[in-house]
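Heads up: the sequence shown runs through residues 219 to 437, numbered per my numbering.
Keep in mind that the hints are not guaranteed to be accurate.
To be verified - Here are the computed lysine-lysine pairs in the BS3-like style, where the Cα-Cα straight-line distance is at most 27 Å:
(1) K340 - K372
(2) K395 - K383
(3) K393 - K356
(4) K363 - K378
(5) K340 - K395
(6) K410 - K395
To be verified - Restraint ranges, calculated between C-beta atoms of paired labels, are given here:
(7) P326 - F374: 20 to 28 Å
(8) A308 - S389: 51 to 59 Å
(9) R305 - L264: 27 to 35 Å
(10) Q392 - P337: 49 to 57 Å
(11) G291 - F376: 15 to 23 Å
(12) F374 - V273: 18 to 26 Å
(13) G291 - L256: 26 to 34 Å
(14) P375 - S322: 22 to 30 Å
(15) E425 - I267: 28 to 36 Å
(16) Q316 - P375: 32 to 40 Å
(17) E311 - A284: 35 to 43 Å
(18) Q394 - V273: 47 to 55 Å
(19) T417 - W287: 32 to 40 Å
(20) R225 - V271: 44 to 52 Å
FYI, nobody ran anything at the bench for these hints, they're computed from the structure.
No residue lacks a Cβ here, since even glycine has one placed at the ideal position from N, Cα and C.
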Amino acid sequence: MAKPGRRAGQNIRELELKRRLQAISAFGGAVLVLGVPLVLSSSANLPLISWIVLVVIALWLTRRAAHHWKWAGYAAQGARGEEEVARELAPLEEQGWQLEYGLSLGYPLGDADIICISPRGKAYVIDVKSHRGEVIAKEDDRKHKRLHRRLGDKTFPFEKDFLEKMLQQASAVQKQKHLNLVTPILAFSQAKVSLPAPTVGQVYVVEKSSLVALLKSLG
Numbered sequence: 219m220a221k222p223g224r225r226a227g228q229n230i231r232e233l234e235l236k237r238r239l240q241a242i243s244a245f246g247g248a249v250l251v252l253g254v255p256l257v258l259s260s261s262a263n264l265p266l267i268s269w270i271v272l273v274v275i276a277l278w279l280t281r282r283a284a285h286h287w288k289w290a291g292y293a294a295q296g297a298r299g300e301e302e303v304a305r306e307l308a309p310l311e312e313q314g315w316q317l318e319y320g321l322s323l324g325y326p327l328g329d330a331d332i333i334c335i336s337p338r339g340k341a342y343v344i345d346v347k348s349h350r351g352e353v354i355a356k357e358d359d360r361k362h363k364r365l366h367r368r369l370g371d372k373t374f375p376f377e378k379d380f381l382e383k384m385l386q387q388a389s390a391v392q393k394q395k396h397l398n399l400v401t402p403i404l405a406f407s408q409a410k411v412s413l414p415a416p417t418v419g420q421v422y423v424v425e426k427s428s429l430v431a432l433l434k435s436l437g
């Protein structure tokens with residue numbers, strides 16, 4: 219059964235809420251910056267330069283509000299991805315698998331989205347990505363394979379080296395949970411994965427729909 223504690227996507231839902239509140243606070247500040255002088259009788263006497271300064275401050279706060287709201291949307295998308303993957307994994311609990319969500323690994327690794335322990339005692343750490351498009355692997359100038367994303371006729375590397383981070387997360391989970399071995403899995407909740415093999419280096423890379431079958435095959 220899933221261990222009591224964090225729910226799937228809970229950490230990033232909390233981040234979403236924090237960013238929403240930051241956006242609302244920044245927008246409210248912009249309204250106050252311009253609104254308060256307008257309702258005060260003395261505002262008519264404010265020099266033009268003061269109004270220019272107030273408008274600049276209000277515009278800056280509005281931009282901050284839009285920035286926080288945009289990143290809150292990204293957090294919501296990530297949370298939905300984790301929740302969808304958790305629903306895919308739910309039937310495994312009835313078969314004796316243990317699931318744990320949102321284990322903090324500290325800076326700079328963040329949280330382990332999902333930790334799975336099979337009935338045979340094998341351990342897996344799963345990182346859920348909600349990117350769209352098609353996932354492929356390409357070698358860089360150092361012959362090091364990295365994941366790339368294809369959107370239409372454009373192909374570009376992901377903003378971070380997800381494979382290296384997964385290896386680091388697996389090592390951190392292994393130490394923190396006192397496990398013999400932790401297998402890293404990168405699961406894409408929306409993207410299509412087009413790879414010649416299920417692994418890139420030592421990391422399994424799969425689509426959401428293939429995750430349960432992969433875990434069962436690995437035991």
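Exercise for the section: Can you let me know if the beta-carbon spacing of R225 and V271 is within 44 to 52 Å? Expected result: For R225 and V271 the Cβ distance comes to about 46 Å; the hint holds.
Exercise for the section: Confirm or reject the claim that G291 and L256 have a C-beta distance inside 26 to 34 Å. Expected result: At 31 Å between Cβs, range holds.
Handout entry: T417 paired with W287, Cβ distance criterion 32 to 40 Å
Key = Cβ of T417 to Cβ of W287: about 38 Å, so the range 32 to 40 Å holds.
Handout entry: Range hint 15 to 23 Å (beta carbons of G291 and F376) holds or violated
Key = holds, 19 Å
Problem - F374 versus V273 beta-carbon gap, inside 18 to 26 Å or not - result: Given a distance of about 38 Å, which is not inside 18 to 26 Å, the answer is violated.
Practice task
Go ahead and decide if the range 47 to 55 Å is satisfied by the Cβ distance of Q394 to V273.
Solution key: Given a distance of about 51 Å, which is inside 47 to 55 Å, the answer is holds.
Practice task
Could you say whether the range 51 to 59 Å given as a hint is met by the Cβ separation of A308 and S389?
Solution key: Violated, at about 28 Å.
Practice task
For the pair we were handed, K340 and K372, check the Cα-Cα distance against 27 Å.
Solution key: violated, 39 Å
Exercise for the section: Can you let me know if the beta-carbon spacing of E311 and A284 is within 35 to 43 Å? Expected result: holds, 41 Å
Practice task
Given the range 22 to 30 Å, decide if the beta-carbon distance of P375 to S322 lies inside it.
Solution key: holds, 27 Å
Exercise for the section: For the pair we were handed, K395 and K383, check the Cα-Cα distance against 27 Å. Expected result: holds, 18 Å
Problem - Proposed proximity, K395 with K340 (alpha carbon, max 27 Å) - result: Distance ~13 Å between K340 and K395 Cα, so the pair holds.
In this structure, the earlier hints numbered 1, 3, 6, 8, 9, 10, 12, 15 are contradicted, and the remaining ones agree with it.
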